[in-house]
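A.B. asks: For the sequence shown, position 317 (counting from the first letter as 1) is numbered 411 according to the numbering used here, and the numbering increases by one without interruption.
To be clear, the hints were calculated from the coordinates, so they are not data collected in a lab. We put the beta carbon where it would ideally sit given N, CA and C, even for glycine. Check the hints yourself; a few may be wrong.
As a list, the in silico BS3-like pairs of lysine-lysine whose alpha-carbon atoms are at most 27 angstroms apart [to be verified]:
| id | residue 1 | residue 2 |
| --- | --- | --- |
| 1 | K415 | K356 |
| 2 | K356 | K376 |
| 3 | K376 | K415 |
Label pairs and their calculated CB-CB ranges [claimed, not checked]:
| id | residue 1 | residue 2 | range |
| --- | --- | --- | --- |
| 4 | I285 | P322 | 28 to 34 angstroms |
| 5 | V237 | F416 | 20 to 26 angstroms |
| 6 | F215 | N398 | 30 to 36 angstroms |
| 7 | N280 | L198 | 30 to 36 angstroms |
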Amino acid sequence: MRKLRFIYLSLVLLGICLISNGQQLPLYSQYLYNKFLINPAHAGSDGFASINLTTREQWVQYSGSPETYSLSGQVRILKRGYKLQKNIFNDIRYRPKTDGRVGLGGLIFSDRNGLVQKTGFQFTYSYHTWVRDYTQLSFGLSVTGYHLIITADGESFENPAEPWLNDNLRKGVFVPNADFGVYLLNPYYDIGLSVQQLFGSATKIGEEAYRNLQIFRHYYLFGTYEIPAFVRTEFEPSLLLKISDFGRPQADIGLTYVYDRKYWAGIDFRTGAALVGHLRFKFVPSNVNQISVFVGYAYDYNLNRIHLAVFGTHEMTVAVKFGSTLKRFRWIDRY
Numbered sequence: 095m096r097k098l099r100f101i102y103l104s105l106v107l108l109g110i111c112l113i114s115n116g117q118q119l120p121l122y123s124q125y126l127y128n129k130f131l132i133n134p135a136h137a138g139s140d141g142f143a144s145i146n147l148t149t150r151e152q153w154v155q156y157s158g159s160p161e162t163y164s165l166s167g168q169v170r171i172l173k174r175g176y177k178l179q180k181n182i183f184n185d186i187r188y189r190p191k192t193d194g195r196v197g198l199g200g201l202i203f204s205d206r207n208g209l210v211q212k213t214g215f216q217f218t219y220s221y222h223t224w225v226r227d228y229t230q231l232s233f234g235l236s237v238t239g240y241h242l243i244i245t246a247d248g249e250s251f252e253n254p255a256e257p258w259l260n261d262n263l264r265k266g267v268f269v270p271n272a273d274f275g276v277y278l279l280n281p282y283y284d285i286g287l288s289v290q291q292l293f294g295s296a297t298k299i300g301e302e303a304y305r306n307l308q309i310f311r312h313y314y315l316f317g318t319y320e321i322p323a324f325v326r327t328e329f330e331p332s333l334l335l336k337i338s339d340f341g342r343p344q345a346d347i348g349l350t351y352v353y354d355r356k357y358w359a360g361i362d363f364r365t366g367a368a369l370v371g372h373l374r375f376k377f378v379p380s381n382v383n384q385i386s387v388f389v390g391y392a393y394d395y396n397l398n399r400i401h402l403a404v405f406g407t408h409e410m411t412v413a414v415k416f417g418s419t420l421k422r423f424r425w426i427d428r429y
C-alpha cells in the first residue's frame, strides 16, 4: 500500500510539473487540416461551414498516456438577402444585408494526461477583410475555459486526511482565459500567428508549496505554400513554430503531397520529439453535391527512448464541410 501511495503521489507531482512547465494544451498532428485548433482567426476563413472530430491517443500501451478528444465547428456568415439603397446621385442599387466578413467557431475538448484531466470549451469570433484582390486578412478572438482536476482515487492513500484528497485541484478548478490570432490567406500560401492562454492565470491548489499553478501563454507561428507540380498535383511545404513562456521552442517541418485536392499524404519532423506521417482523403456523396466528407489519420513515431516501450501515437480525424466550392474566394464572388 505504501508503494502504491508513493506511485500515485509521484504521478500527481509529475502531472503538475507537466502542467506548470511543459505543454499545457492539447497536442495535434493534423492541425494543417483544421487550423482552427491552433488559430481562432481561421474560423470561417475558407467560406465553408464545417464540423471536425479529432481523437488522439499518445504513447499507446503506456499507462496514463495522454488522450485527447475534440469536437469543433466553424461557419462564415455569408451574404444574405439584398436591400435597395440610393447613392448621392439618387441611383438605386442592390446592396447585400451582410457582406460576409464575420466568422464564428466553437470547440469542446477533453484532454487527459496521467492523473490530470482537463475538459474545456472555446467560443470564437473572427473578422475577415481583403487587403488585395486575392489576399484575405483575418483576426480572431476566443473566449476559453476548462475544468482542471486531479483524478486520484482516495482508496490509494493510507491516510484519509491526505491533503491531496482535499485540496482545490483534487476537487477541480475552473480556469478561464482567451486566445487571439491573425491569419493571412492567399490562393498560394497562408501565414498565421496566434497566442493561446492569452491572459495567463494562477489558481490556488492547497499546500503552500504548490499554492500557485501558473498557466503560461503559448505562441504558434505557421505557414504553408502551394507548389504546382504536375496535372492536378501539388506539393505543400509547411512550418509550425511553437513556444511557451516557460519551455523550449519546438518546430514542425513538413511536406505534403496533394493529388486532385482529394488525396493528401505527408511527413513532418517534430524537433526533439517525433516523425509524423499523415494521410487524408476526401469523399463527396454522389447524391449530395453540397457536402464533402474528409477522413484523416496520423502516426507519430517517437524519436526518444520511450519508443522502446510504446506503439507510437495515433490520431484520427473526421470532418464534414457544407457548401459549394464556388463560394470560396479563390474562384468567384469572394463571399
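A.B. asks: Falls inside 30 to 36 angstroms, the C-beta gap from F215 to N398?
C.D. replies: Since F215 and N398 have Cβ atoms about 33 angstroms apart, the given range 30 to 36 angstroms holds.
A.B. asks: Can you confirm whether the C-alpha distance between K415 and K356 stays at or below 27 angstroms?
C.D. replies: holds (13 angstroms)
A.B. asks: Per the hint of 28 to 34 angstroms, is the separation of the Cβ atoms of I285 and P322 within bounds?
C.D. replies: For I285 and P322 the Cβ distance comes to about 19 angstroms; the hint is violated.
A.B. asks: Is the distance from the Cβ of N280 to the Cβ of L198 consistent with 30 to 36 angstroms?
C.D. replies: violated (23 angstroms)
A.B. asks: Between the alpha carbons of K356 and K376, is the straight-line distance 27 angstroms or under?
C.D. replies: holds (5 angstroms)
A.B. asks: Verify the proposed pairing of K376 with K415, using a straight-line Cα cut of 27 angstroms.
C.D. replies: The given pair, whose Cα atoms are some 10 angstroms apart, holds under the 27 angstroms limit.
A.B. asks: I want to verify a distance hint. Is the separation of the beta carbons of V237 and F416 within 20 to 26 angstroms?
C.D. replies: With a Cβ separation near 25 angstroms, V237 and F416 satisfy 20 to 26 angstroms, so the hint holds.
Hints 4, 7 from the earlier list are contradicted by this structure; the remaining hints agree with it.
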